[in-house]
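Order-wise, the sequence lines are chains Z and E. The numbering used here applies: residue 1 is where the first sequence begins, and numbers increase by one. The numbering used here applies: residue 188 is where the second sequence begins, and numbers increase by one.
I should point out that these hints are in silico values taken from the structure, not numbers from a laboratory. Mixed in with the good hints, there may be bad ones.
DEER-style ranges, computed between Cβ atoms [to be verified]:
1. Arg146(Z) to Gly610(E): 57 to 63 Å
2. Arg236(E) to Asp66(Z): 29 to 35 Å
3. Glu532(E) to Val128(Z): 57 to 63 Å
Using N, Cα and C, we set each Cβ at its ideal position, and we do this for glycine too.
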Amino acid sequence: MKDVIRGLAYVVGDAIDTDQIIPAAHLVYSLTVPEERRMYGRYALSGVPADQQGLPQGGVPFTPEDAFESEYKVIISGSNFGCGSSREHAPFALAEAGCEAVVAESYARIFYRNSVDGGFVVPFETRVRLIDRIETGHEVEIDTARSTLHNHTTGEDFLLNPLGDVADILKAGNVFEYARQQGLIIT
Amino acid sequence: MAPQTITEKILAAHAGRERVTPGDNIWVNVDILMTHDVCGPPPIDIFKREFGDKAKVWDSDKLVILPDHYIFTEDPHARRNIELLRAFAHEHDLPHYYDVGTSRYKGVCHVALAEEGFNRPGNVLFGTDSHTCTSGAFGLFSTGVGNTDAALIMGTGKIWVKVPETMRFVFEGDLPPYLMAKDLILAVIGEIGTDGGTYRTLEFDGGAVYDLSMQERMTLTNMAIEAGGKNGIIAPDQVTFDFVRARTDAPFQAVYRDADAKFHSEYVFDVTEMVPVVAKPHSPDNKAPVTEVVGTRLDKCYIGSCTGGKLEDFEAAARVIKGQEVKVATYVVPASTEVERRMKEVTIDGQTIWDIFVSAGCMMGHASCGACLGGPIDTFGRAVGTEVVISTTNRNFPGRMGSKMSAVYLASPLTVAASALNGVITDPREVLV
Ligand code: SF4
Numbered sequence: 001m002k003d004v005i006r007g008l009a010y011v012v013g014d015a016i017d018t019d020q021i022i023p024a025a026h027l028v029y030s031l032t033v034p035e036e037r038r039m040y041g042r043y044a045l046s047g048v049p050a051d052q053q054g055l056p057q058g059g060v061p062f063t064p065e066d067a068f069e070s071e072y073k074v075i076i077s078g079s080n081f082g083c084g085s086s087r088e089h090a091p092f093a094l095a096e097a098g099c100e101a102v103v104a105e106s107y108a109r110i111f112y113r114n115s116v117d118g119g120f121v122v123p124f125e126t127r128v129r130l131i132d133r134i135e136t137g138h139e140v141e142i143d144t145a146r147s148t149l150h151n152h153t154t155g156e157d158f159l160l161n162p163l164g165d166v167a168d169i170l171k172a173g174n175v176f177e178y179a180r181q182q183g184l185i186i187t
Numbered sequence: 188m189a190p191q192t193i194t195e196k197i198l199a200a201h202a203g204r205e206r207v208t209p210g211d212n213i214w215v216n217v218d219i220l221m222t223h224d225v226c227g228p229p230p231i232d233i234f235k236r237e238f239g240d241k242a243k244v245w246d247s248d249k250l251v252i253l254p255d256h257y258i259f260t261e262d263p264h265a266r267r268n269i270e271l272l273r274a275f276a277h278e279h280d281l282p283h284y285y286d287v288g289t290s291r292y293k294g295v296c297h298v299a300l301a302e303e304g305f306n307r308p309g310n311v312l313f314g315t316d317s318h319t320c321t322s323g324a325f326g327l328f329s330t331g332v333g334n335t336d337a338a339l340i341m342g343t344g345k346i347w348v349k350v351p352e353t354m355r356f357v358f359e360g361d362l363p364p365y366l367m368a369k370d371l372i373l374a375v376i377g378e379i380g381t382d383g384g385t386y387r388t389l390e391f392d393g394g395a396v397y398d399l400s401m402q403e404r405m406t407l408t409n410m411a412i413e414a415g416g417k418n419g420i421i422a423p424d425q426v427t428f429d430f431v432r433a434r435t436d437a438p439f440q441a442v443y444r445d446a447d448a449k450f451h452s453e454y455v456f457d458v459t460e461m462v463p464v465v466a467k468p469h470s471p472d473n474k475a476p477v478t479e480v481v482g483t484r485l486d487k488c489y490i491g492s493c494t495g496g497k498l499e500d501f502e503a504a505a506r507v508i509k510g511q512e513v514k515v516a517t518y519v520v521p522a523s524t525e526v527e528r529r530m531k532e533v534t535i536d537g538q539t540i541w542d543i544f545v546s547a548g549c550m551m552g553h554a555s556c557g558a559c560l561g562g563p564i565d566t567f568g569r570a571v572g573t574e575v576v577i578s579t580t581n582r583n584f585p586g587r588m589g590s591k592m593s594a595v596y597l598a599s600p601l602t603v604a605a606s607a608l609n610g611v612i613t614d615p616r617e618v619l620v
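Bound-form chain Z, shown alone (with noise of 0.2 Å):
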């Protein structure tokens, strides 16, 4: 985990599910093989219907067209994020694409533990409903330590909840080197 996480901002609903992140038609491409795994950058987020991609205007795709990656780094979001399916593929999908960080009110908490355990993202609570406060394209920039978000665009402040127990995981990359210095994979 970074100690700090800047990039662009990209503003969704509340409750996007896995169906959206990664509709379930595009996991059959392998998680490892180079060409197969960039289709994940490519269609993260496109099931979100078309007017709530990138709010509040709409109709911002996360991954233009016929790329790979995205251009916005970190994600904001409402309640309940990543609810739905067990997919790994949906963290994955949204690291594929170049995202860092996600700050949302609630998540689901089988993504909240696939982005910690595999290192994917970094999945940060607020208090605070931010998709009203950011907006897509605005700079902001995430204090993982301090568990803080500064808006560079509109120079406003938000404090996150901090990270707790999930810090150690996140530190130490994912649950595979956590799991090896609590010695538990004695390799």
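Please arrange chain E with the ligand on chain Z, whose structure you already have, making use of the hints.
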């Protein structure tokens, strides 16, 4: 010692502790890990990456692989997934691999876990599928995890868990004949919302729950995840033991809560006052009494999945449909090969359940997840265009059953069957005699 819930006791026992408290982060020993075709190959890759090409799974008797999602399709990537599972099962000499195209093939993993005796009271079971919570109907802790966690379990047999708080849902009274477990769980989700149970246990309790068969109990725990729950659980009783003992002689230890265990919250329902409900598009918590949507024009009816594709689901639907014809395309997809076989054996007034559907003009599919999650374009029963669908499945997010423009209503098998007869959403009380 402070009293504990069933979930807390099971987790404590598997962490080698006397007791745990909600919020504790603990490492637990896993009794069963289940995976399937869509979410099986990625953990295998990660397992090899982290533990080495030659590494052995921690206990081949505890890994259960049930391909079920994308089975009857020509999609080359989907077929490759099955080949990867087959190769892995062969390489590790796995006794519990249920291969496609053989007599061992089972169908939907959560139903198969029950049928094959892998759901044992007091156990800890993880699966690479969000509806792994279904197994909790047998008084065990079960929950879904992703690829990375599954790979860690494959290598170590261990996983970290944050001990959840428990929400208790008590159902009292005699269940009226027009209601099914599906109506009860849709009522719960409608009440607390799709994130009302996030990180928590949903425990189902009360006389009306213990009156239910195991299949119906599984419908309750199946949809715990639709309220965001970590696990769903029902204390085991004689019905549970009879079901399990008919399928396995593996040892298990039933676990019950302490009398004064603390709950996060408690909800009490009198089932005699409840009514048939649907979840309207596009969320499982968008609850409405069927009466509110009666007459809604339908393009498709779907009976299937781990939620609504068990033998009793078809039995209930067949009683409604028997001797009549459906007025709208109706797809019938048994969850498992055992369900399919039983549908061809069990009769209602001399006609098999299977024949009742065939005579009514339904389209019959084969055991798999089918169109429950949309799937490849050639999937049987997949929602297309702007179709309006009523389904016994568990999710109706945009695009879940295929087309993003389709609109899916979730309901009990009774309500779906009644609606199939009229081509519009119908209150099952109108057709039940
Ligand atoms: S039937 Fe549907 S909900 Fe059940 S495991 Fe298959 S895809 Fe998931």
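Worksheet item: What hints, given by number in increasing order, does this structure fail?
Response: none
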